[in-house]
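**Q** Based on these hints, arrange chain B on the given structure of chain A.
Each chain, letter by letter, is given below.
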Amino acid sequence: MFNYTFHWRPAFQALPHMLSGAVVTLQIAILSMIIGVAIGVLLALMSGSGNKIFRGIASTWIEIARNTPALFQIYMAYFGLGQFGIHLDSFVALLAGIAFNNAGYLAETFRGGLRVVPATQVRAARSLGLGSVSAFRLIVLPQMFRAVFYPMTNQMVWAILMTSLGVVVGLNTDLTGVTQELNVKTFRTFEYFALAAVLYYLIAKAVTLGARAFAYRLFRY
Amino acid sequence: MKLLLTAAVALASLTTALPAFADKLDDIIASGTLRCAVVLDFPPMGSRDANNNPIGFDVDTCNDLAKVLGVTAEIVETPFPDRIPALVSGRVDVGVASTSDTLERAKTVGFSIPYFAFEMVVLTKDGLGIADYDSLKGKKVGSTSGTYEAIALEKSVNEWADPAGSFRSYQTQADVMLALSQGQIDATVVTSTVAGSTIATGNFPGFVMGGKAPYEIDYVGLIALREEQGLLNYLNLFVNQQIRTGRYAELYKKWVGDGEAPNLTVPGVYY
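The listed protein sequences correspond, in order, to chains A and B. All residue numbers for the first sequence refer to this note's numbering, where the first residue is 1 and numbers rise by one. All residue numbers for the second sequence refer to this note's numbering, where the first residue is 1 and numbers rise by one.
If you are wondering where the hints come from, they were derived from the structure by calculation, not from laboratory data. No residue lacks a Cβ here, since even glycine has one placed at the ideal position from N, Cα and C.
Among the chain A residues that face chain B by a calculated CB cut under 7 Å, a handful are:
#	residue
1	Tyr4
2	Phe79
3	Gly82
4	His87
5	Val168
6	Gly170
7	Asn172
8	Val184
9	Phe187
10	Arg188
Chain A extracted, bound-state conformation (with noise of 0.2 Å):
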C-alpha cells in the first residue's frame, strides 16, 4: 500500500532555490537551441550542396545524433572527451550534448523546410539582381523559418526537457539537479519530484505560448 504522508511546508521553502535550477535549465535550452539552429542550417545545406565532403560531414552527423540516446551524447561529451583530455564543465558538456542532438534533429527539419521554397523564387530572385547569398537570406531563409517554426517550438521543448539528463555528468545547479540534491538529503522524493515536474511543464507551457504569440506577429499572411 501506499503510506506516505506528504511534507509540503518544508518542500515550499525550497521552491526560490529550484526557481534559480530552472533559471539554468532555460539558459541551457535557449543556448543549446541557438547553437542548434545556426549548425543545423549549415548541415541542411550542405546535405543538400553539390559536395561529397559536405554532404558526409552532414549525413553522419544526423545519423547518430538522430539515431543514437541524447544520453548517450552527453556522457560522451563528458566522459568520452575526458577520455582523451579534454576537459569540459558538467554545463558544457550538457550543452554540448543537447546542441549536438538539436542540430541533428533541426537539420531534417530545415531540409525539408527548404523544399518549401520552389526553386523558381531563387531564379527569380536572382534574375532580379539579387547575389546568391543575398537571395537565400531575403528569399529563402525567412519563408523556411515560418515553415518550420512549430516543429523548431517542439525542438526547444524537447531541448528544456533533456537538460535533465545533465545529473549523468555531474550537473548540480539545473532543475533535475537542484531537485535531486534537495531529494537525497531529505529523502522526500516525492514532493521535490512533484515541484519539478510542475516546473517543468510550465517553462515548456511557457515556450509554447510564447511561441504561438511570437509566430502571431511575424508570420501572419
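**A** Frame of chain A; chain B shown alone:
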C-alpha cells in the same frame, strides 16, 4: 449449551470485529522473501563478483537477516539516490545500503541502530599536491550524489567559497572514479573502505589517499518504513545480535580486512 453458543458467537464477532492487522514483519514472514535494497557499486559493502553475483558486507548482512527470519533473501540492486523511493514504493522491505542516519532523513524513513560506521578519507591522484583535507580548497572535487560524504564535502566547498573550487555530484561511485581518473575532478572524499578497495583493484594507477576528512564518524543504519515499528524493533535486535555473536567482526574481517571493526557505540549518551 446456551453458554457455549454465546461463547461461539462472541468469538466469531471478536474475530470479525478485529481485522487481521498484519504489519511489514508479518508480511515478510508470510511471503517467504526478504527484499533488500543494496547498493552494488560500493565495495566492499556491495559489489558484483566475476559471475555477476552480488557480494559484499551488505549482501551478507541481508542474507543473515533473511536466515533468522526464516525466509529467502532477494537482493534488489538500488543506486544511492533511489534507496528511499524503492522503500516507499514497496519494491523492497528493508534497505541494507549503508544509509547514514541523519536527522533530516529520519523524518522520512525509520533507522535501526547503527550496523556499521565509516571514516572518510580524501582520494586523489599523484602529483596534484593534495596532502590533506584543507588543500582541497580551490580544487575541483566531486562525490556520489546522496552520500554522507557528498553532503559534507559540498558544505565545505560552499564554506570555502573559493571561486576556483567546484563541487560535482555524480550518480554512481563508478562515475566518480572515472571522473577522477580522467581529471574531471582533482579529488573526492570517500569512505576509507572504498578508498582501500579501489586502490587495491589496481584499475586506477596513480590514485592515492590524501589524508582523513575531518567529518564526524558516519554511522549507518538499516532502513525501513518509518511507521513499521515492529520491523524496526526486530532490526535493532538483529544488529545487536550480529555484534554480540561476533558475526559483525567476522564479516568485517572477511570484507574489509584485518584490524578492529569500527565501534558502533557513541560514548557518553544513551542511544
